[in-house]
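Asker: Counting in UniProt numbering, the final residue of the sequence shown is number 178, and the numbers go up one at a time with none missing.
It is possible that some hints are incorrect.
[As the list claims (entries may be wrong)] Below, a list of computed lysine-lysine pairs in the DSS-like style, where the Cα atoms sit at most 27 Å apart:
1. K116 / K69
2. K94 / K12
3. K95 / K12
4. K52 / K173
5. K154 / K18
6. K116 / K22
7. K154 / K22
8. K154 / K3
9. K116 / K173
10. K172 / K12
11. K119 / K19
12. K154 / K119
13. K172 / K94
14. K119 / K173
15. K95 / K173
If you are wondering where the hints come from, they were derived from the structure by calculation, not from laboratory data. Note that the structure is predicted; figures quoted are calculated from it, not measured.
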Amino acid sequence: MRKLENSELDRKSIDDFKKSEKTPLILVLDDIRSLHNIGSVFRTADAFLVEKIILCGITATPPNKEIHKTALGATETVIWEHHENVLEVIENLKKENVLTLAIEQVESAVFLQDFKVEKNQKYALVFGNEVYGVAQEAVAICDGCIEIPQLGTKHSLNISVSAGIVVWDLFKKINWNL
Numbered sequence: 001m002r003k004l005e006n007s008e009l010d011r012k013s014i015d016d017f018k019k020s021e022k023t024p025l026i027l028v029l030d031d032i033r034s035l036h037n038i039g040s041v042f043r044t045a046d047a048f049l050v051e052k053i054i055l056c057g058i059t060a061t062p063p064n065k066e067i068h069k070t071a072l073g074a075t076e077t078v079i080w081e082h083h084e085n086v087l088e089v090i091e092n093l094k095k096e097n098v099l100t101l102a103i104e105q106v107e108s109a110v111f112l113q114d115f116k117v118e119k120n121q122k123y124a125l126v127f128g129n130e131v132y133g134v135a136q137e138a139v140a141i142c143d144g145c146i147e148i149p150q151l152g153t154k155h156s157l158n159i160s161v162s163a164g165i166v167v168w169d170l171f172k173k174i175n176w177n178l
């Protein structure tokens, strides 16, 4: 077995990425403090052709050298926008018939492995602050919640790890009906 060289990976150019059909996922990051988490989410969004990232509240925006350290150029490919108020963002997405889902541990959450995607449905995944999670006010107006099952002693996962897990799972279900 031999590791492939970057030149053998057949990756898209920035232009090709921008012209590509996107995965019907929008990532909403609310009050994310860590610039490295933000950059990591951009990189995940690039990997799975996510439609857009919406940065809310105190979440920093590109260009930023600390975000770039982990994004490694993904801020140039993934469409993003910034809004102050996550509640307004969620309400506007719902008006556009985007199904809004908080990624959080709440009563009546659907475990990720049990979540079923609907054909021709666009999803917005709302991720919250590293310490406090998704704000209760945001949870309350989302269409639903997805919970990542955890079996250890910790109460939560890092936001960039959570985003990677959920995006990969939904990407599989959307593209391969798994």
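Asker: Decide if the proposed pair is consistent with the structure: K95 and K173, CA atoms, cutoff 27 Å inclusive.
Answerer: holds (24 Å)
Asker: Checking one constraint from the list: CA of K94 to CA of K12, max 27 Å. Satisfied?
Answerer: Violated, at roughly 32 Å.
Asker: Would you mind confirming whether the straight-line C-alpha gap from K154 to K18 stays at or under 27 Å?
Answerer: violated (38 Å)
Asker: Take the C-alpha atoms of K119 and K19, compute the straight-line distance between them, and say whether it is at most 27 Å.
Answerer: holds (22 Å)
Asker: Hint check: K116 vs K22, CA-CA at most 27 Å. Holds or violated?
Answerer: Cα-Cα ~19 Å, so holds.
Asker: Does the alpha-carbon distance linking K119 and K173 stay inside the 27 Å limit?
Answerer: Roughly 10 Å between the alpha carbons, so the hint for K119 and K173 holds.
Asker: Run the distance test for K116 versus K173: straight-line Cα separation, threshold 27 Å.
Answerer: Holds - the C-alpha atoms of K173 and K116 are around 8 Å apart, at most 27 Å.
Asker: For the pair supplied as a hint, K172 and K94, is the alpha-carbon distance within the 27 Å limit?
Answerer: holds (24 Å)
Asker: CA of K95 to CA of K12, is that 27 Å or under?
Answerer: Cα-Cα ~33 Å, so violated.
Asker: Given the hinted pair K154 and K119, is their alpha-carbon gap at most 27 Å?
Answerer: violated (34 Å)
Asker: Going straight from one Cα to the other, do K52 and K173 come out at no more than 27 Å?
Answerer: holds (19 Å)
Asker: Is K154 within 27 Å of K22, Cα to Cα?
Answerer: Between K154 and K22 the Cα gap is close to 34 Å, so the pair fails against 27 Å, i.e. violated.
When held up to the earlier numbered hints, the structure conflicts with 1, 2, 3, 5, 7, 8, 12 and fits the remainder.
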